[in-house]
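The listed protein sequences correspond, in order, to chains A and B.
Quick note: the first sequence uses my numbering, first residue 1, plus one each step.
Quick note: the second sequence uses my numbering, first residue 1001, plus one each step.
Just so you know, the hints here were simulated from the structure itself, not pulled from any lab data.
Backbone N, C-alpha and C fix where the C-beta goes; we use that ideal spot for every residue, glycine too.
Fair warning: there could be bad hints in the mix.
Pulled a few chain A residues facing chain B out of the computed Cβ check, cut under 8 Å [unchecked claim]: (1) Q75; (2) L76; (3) M290; (4) F325; (5) P376.
Simulated restraints, written as ranges between beta carbons of each label pair [said to hold, decoys possible]: (6) A1265/B with G183/A: 53 to 63 Å; (7) P1291/B with T169/A: 45 to 55 Å; (8) E288/A with A1265/B: 26 to 36 Å.
Here chain B is said to cover these stretches of chain A; the calculated rule only asks that three of the stretch's residues, wherever they fall, bring their Cβ under 8 Å from a Cβ of chain B [as the list claims (entries may be wrong)]: (9) 124-133; (10) 206-213; (11) 357-366.
The chain contents come next:
Protein chains: 2
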Amino acid sequence: MTIMKIQEMHITPVAIADPPLRNAAGLHAPYALRVVVELITSDGISGLGEMPGGADILGDLEAVKHLVIGADPFQLNAILHAIEAYFAAGDAAISKETMCTTIASRRSARTYSPIEVACHDLIGKAINKPVCDVLGGRVRDRVPFSAYLFFKHIGAGGGLGFGVDSSATGWAAARQAEALTPGALARQAIALCAAFGFKSLKLKAGTLEPELEVASMFALREAFGPDVPLRIDPNAVWRVDTAIKFGRQMEGILEYYEDPVRGQAAMAEVARAVSMPLATNMCTTGFEDMPGSVRLGSERIILSDHHFWGGLRASLELAAMCRTFGRGLSMHSNSHLGISLMAMAHLAAATPNLTYACDTHYPWQTEDVLVGGRIPIEDGCVTVTNAPGLGIELDRAALARLHANYLACGLTRRDDEIEMQKVEPGWKFEAVRW
Amino acid sequence: MTIMKIQEMHITPVAIADPPLRNAAGLHAPYALRVVVELITSDGISGLGEMPGGADILGDLEAVKHLVIGADPFQLNAILHAIEAYFAAGDAAISKETMCTTIASRRSARTYSPIEVACHDLIGKAINKPVCDVLGGRVRDRVPFSAYLFFKHIGAGGGLGFGVDSSATGWAAARQAEALTPGALARQAIALCAAFGFKSLKLKAGTLEPELEVASMFALREAFGPDVPLRIDPNAVWRVDTAIKFGRQMEGILEYYEDPVRGQAAMAEVARAVSMPLATNMCTTGFEDMPGSVRLGSERIILSDHHFWGGLRASLELAAMCRTFGRGLSMHSNSHLGISLMAMAHLAAATPNLTYACDTHYPWQTEDVLVGGRIPIEDGCVTVTNAPGLGIELDRAALARLHANYLACGLTRRDDEIEMQKVEPGWKFEAVRW
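Kindly produce the complete structure, drawing on both the sequences and the hints.
The structure is reproduced here in structure tokens:
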């Protein structure tokens, strides 16, 4: 193979219809913002990556474009180091995020991530191998995902906002339905599992009274029985005493207890007081957090996320640390398109110690930017084929439509608090609420 | 690319001439044992790996051959898992080694390592990329190594045994010379650096009285000045009080203090008492040791070794852990051929945080199995070219000669204690000597 050169880097912000899902930070806006990164080599190969959107990541990706153009996609270390050096030289403020602890050193990892994924797509296409085989080879062909349940207000999102498409049936109807009670949540779960075959259930909690959320877990247990693993994620807004009290109530019905409280020290305190394993994607979210995690024992399971940990290879390094330090491994998601879904699937296919089904918001979205449309999830799994690279192809007309959505919707950054205020005037995010 | 298949696996034990070098376990035999592993694909591509030799590794490699034949070299996870499953199913005893703690779970890693290196050589050749680019891309073209100094008895090793080739000059003469005093050691170092341009010096200690070994370090400092980093490695046979006493004497002249004492707890005790960083390839030698290392703070630098940690990708995982847990990274070696040297060089070329020059015994050997003969070390560095794979080719006549050496020499496992008894009758290995 001659040396490949990246000749073009296209950064396209898109907005995808997203229903009014509740979380601890507020409410999902009618559109979720994502960025599609496409790298094109001098011999015309296209590689794809995707990131959570917003003005900050867009600016950062534009800022490093000149470092990527001309690079060889095999030279991943060099591309990362150039990005790190660029941000280390600047002093620009880091974006404020409601849901995650963001520290300066992570800016490079986040900017690099969609570029690294696109480089792996390029490498795979160039050598005619699926990305999972570039990463050490597949250990599974079908990657399991869990059903991601939300309390929600009525509404389809997108142009319909809080309205619904009344012609919808099945999951498409359930996706729009209000779910603010245990019974409604169980109905949502049943519809979601009927449509996609998920074998485990996760509730995004931390949004209604803990008693109601815990009752919802018992409603799920009642509806699905003991063979369907359950997870609850209060997104760190419970106090330690609240988390211990309700954690003990849920002992015996939870597969894991995700981020009931904020910070490693509080997590460790809860971990000592309950019998089920704690999981996190909030108190241990980058390599800098690992020493504290090991020292404090803040969780027994880490939800990896290649978008935030610095790409697919960094995620394999995290997996090695989980093996080494006795932690289980699951995977976190935001609202996303099929590019991220396939990147997650290839990573999971090459990760021997993926011990839990991955999270995905994918069923909550209805659009995509891929030729062939939406990626199927069957029996709760995404199939990783032997097609080269990520095994997907960009539908440029679809990308243009979702970019037009972005321009039209007027959103430039995620702010779930403002969205929630449209439903509950005066609603304020609280880091510890109950 | 169509799917590659490994069609043949050739396991060839070889013996290479090795001078009578002293270490804490005794004396190097006239021949060092290595194993050359060659994988050949159905389309005729040859991939090379190399391991420390001996009956145990030979038996283990033969035992897993049927798991490797037919495999696709890209499916590294699958090959490793097959080997792990094979050894997990058996109950064969683990080889006893004088120098390293060996536990059952490491047998798979060691057996897999030369196979994994050979697979990377195959992958690189198949996609026309150097192995460093298969591993994430090069961060350096020239990999620095340090001069490896030994107390030694007179002798060339090999067929000459304790005799010398009196026609030799320069390093070839110094290689045969006795070195049992500080002055002789300094002369050895000067000859070694003159021949190879090394920029840092390491003494294999733990073999003579500590006072004499420490005096040798000061002789090196005197001869080379403060700009040449010095390391001493007593191979864990010093007591804690001895290590602290002599460590304090050497504060200010050591780059690092390698394995003065045995075990993580003792290492941590010494680490707290001296100012220079401690390094190890004896108390933290596999991923199972990492939690203890982190908990105890047993060392600040880890010497990786792809032969023992489970290959090139596992070594990159170790590198990530060193970055994450604030440890420096260097590289360990045994007596070896050019296959291992190039595997080490490609790994180092793709390891951003290789913070120290690597160890190598390579100048002490004179033979090789490669077309073109010995690999040059210039200015203390091995150059990593853009040639595909490891960038080397097997010289089958040379391999046959070194295999004939193996058959003729009668050695089937390394036993430095027996060799030492030939020089000092009654000499016994002691785990803690001074």
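Evaluation of the provided hints:
Look at Q75/A: its Cβ gets to within about 4 Å of chain B, closer than 8 Å, so that hint holds up. Of the supplied interface hints, the one on L76/A holds, with its beta-carbon coming within about 5 Å of a beta-carbon of chain B, less than 8 Å. For M290/A, the interface hint holds, the least distance from its beta-carbon to any beta-carbon of chain B being 5 Å, beneath 8 Å. For F325/A, the interface hint holds, since its Cβ comes within 8 Å of a Cβ in chain B; the closest pair sits about 6 Å apart.
About 25 Å separates the beta-carbon of P376/A from the nearest beta-carbon of chain B, more than 8 Å, and the hint is not met. Against the hinted window of 53 to 63 Å, the Cβ-Cβ separation of A1265/B and G183/A comes to about 57 Å, which satisfies the hint. The hinted range of 45 to 55 Å is satisfied by P1291/B and T169/A, whose Cβ atoms lie roughly 53 Å apart. Roughly 27 Å separates the CB atoms of E288/A and A1265/B, a value that falls within the hinted 26 to 36 Å.
With 5 residues having a Cβ less than 8 Å from any Cβ of chain B, the segment 124-133 of chain A passes the three-residue criterion, so the hint holds. With 0 residues bearing a CB less than 8 Å from a CB of chain B, the segment 206-213 of chain A misses the requirement of three and the coverage assertion fails. A stretch counts as covered by a chain when three or more of its residues have a beta carbon under 8 Å from one of that chain; for the segment 357-366 of chain A and chain B the count is 0, and the coverage is violated.
Checked against the numbered hints above, the structure violates hints 5, 10 and 11; every other hint is satisfied.
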